[in-house]
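Residues per chain, in single letters:
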Amino acid sequence: NAGVMQNPRHLVRRRGQEARLRCSPMKGHSHVYWYRQLPEEGLKFMVYLQKENIIDESGMPKERFSAEFPKEGPSILRIQQVVRGDSAAYFCASSEDRDNEQFFGPGTRLTVL
Amino acid sequence: AQKVTQAQTEISVVEKEDVTLDCVYETRDTTYYLFWYKQPPSGELVFLIRRNSFDEQNEISGRYSWNFQKSTSSFNFTITASQVVDSAVYFCALSDTSGGYQKVTFGIGTKLQVIP
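Respectively, the protein sequence lines represent chains A and B.
Each residue of the first sequence is one higher than the one before, starting from 28 at the first, in the working numbering.
Each residue of the second sequence is one higher than the one before, starting from 129 at the first, in the working numbering.
One or more hints might be untrue.
[Said to hold, decoys possible] Cβ-Cβ distance ranges computed for the label pairs, FRET-style:
hint, chain 1, residue 1, chain 2, residue 2, range
1, B, Ser226, A, Arg49, 27 to 33 Å
2, B, Lys144, A, Lys89, 47 to 53 Å
3, B, Thr159, A, Arg111, 40 to 46 Å
4, B, Arg178, A, Asn34, 24 to 30 Å
5, A, Glu68, B, Arg178, 18 to 24 Å
6, B, Gln197, A, Asp83, 28 to 34 Å
7, B, Glu138, A, Glu128, 25 to 31 Å
8, B, Gln136, A, Asn34, 30 to 36 Å
No lab work stands behind these hints, which were simulated from the structure alone.
Just so you know, even glycine gets a beta-carbon here, dropped at the ideal spot from N, CA and C.
From just these sequences and the hints, can you work out the full model?
This is the structure:
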């Protein structure tokens, strides 16, 4: 049973471009969580999604950031018009149910030039 | 609200020394989970332990041990006979259902450097 998969592992974008980060949850998991780790900081919760629904987006910046978890396919974290301050590691986690343990992916390191 | 405090931002020890990483947490829930993760220089998160709030038994796994004290809301992590490969950032985390689901809050991490 493969773990949580994230791709790409490293992503470089220029200011103003769009970044798309993908997360494939563990098999049988329908709950996905995104976290951001700014340089020299801990992980901060961004958004919690269940298939086709956003449950809690209280940690998402109000502009330029969006997330989805369609019925088919991976969850996508989308950052429009990236700025240097978006440079961070973005971790995805998944769980079988809302009360179950979260398993973390390897992260995507976004660098904005 | 959930809060996890790791007061030590950086620790340096000489190889073979023992080192304890402190973690203090806050939660209003009576049922919660505590975690420790290791983040080596490569950047991925390595799961070390998960502890249920009802289980206060200390745990030992090889050179690693954890001391859970509910009375002081602490969940400290000790590495015995440290090795250079232990050099990493260590995160303590708390998960409770205050948000209606298992919401995880991380501390800011303790950077451990083991000097040969």
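Going down the list of hints, with the structure as the test:
The hint said 27 to 33 Å for the Cβ distance between Ser226 (chain B) and Arg49 (chain A), and at roughly 29 Å that hint holds. Look at Lys144 (chain B) against Lys89 (chain A): about 50 Å separates their beta carbons, and that is inside 47 to 53 Å. A beta carbon spacing of about 41 Å between Thr159 (chain B) and Arg111 (chain A) agrees with the range 40 to 46 Å that was offered as a hint. For the pair Arg178 (chain B) and Asn34 (chain A), the supplied restraint of 24 to 30 Å holds, since their beta-carbon distance comes to about 26 Å.
A C-beta distance of roughly 22 Å is found between Glu68 (chain A) and Arg178 (chain B), which places it inside the suggested range of 18 to 24 Å. Between Gln197 (chain B) and Asp83 (chain A), the C-beta spacing of about 31 Å keeps the proposed range 28 to 34 Å intact. Separated by about 29 Å at the C-beta atoms, Glu138 (chain B) and Glu128 (chain A) satisfy the suggested range of 25 to 31 Å. One distance hint, 30 to 36 Å for the beta-carbon pair Gln136 (chain B) and Asn34 (chain A), holds here, with the actual separation near 34 Å.
Hint compliance for this structure: no hint is broken.
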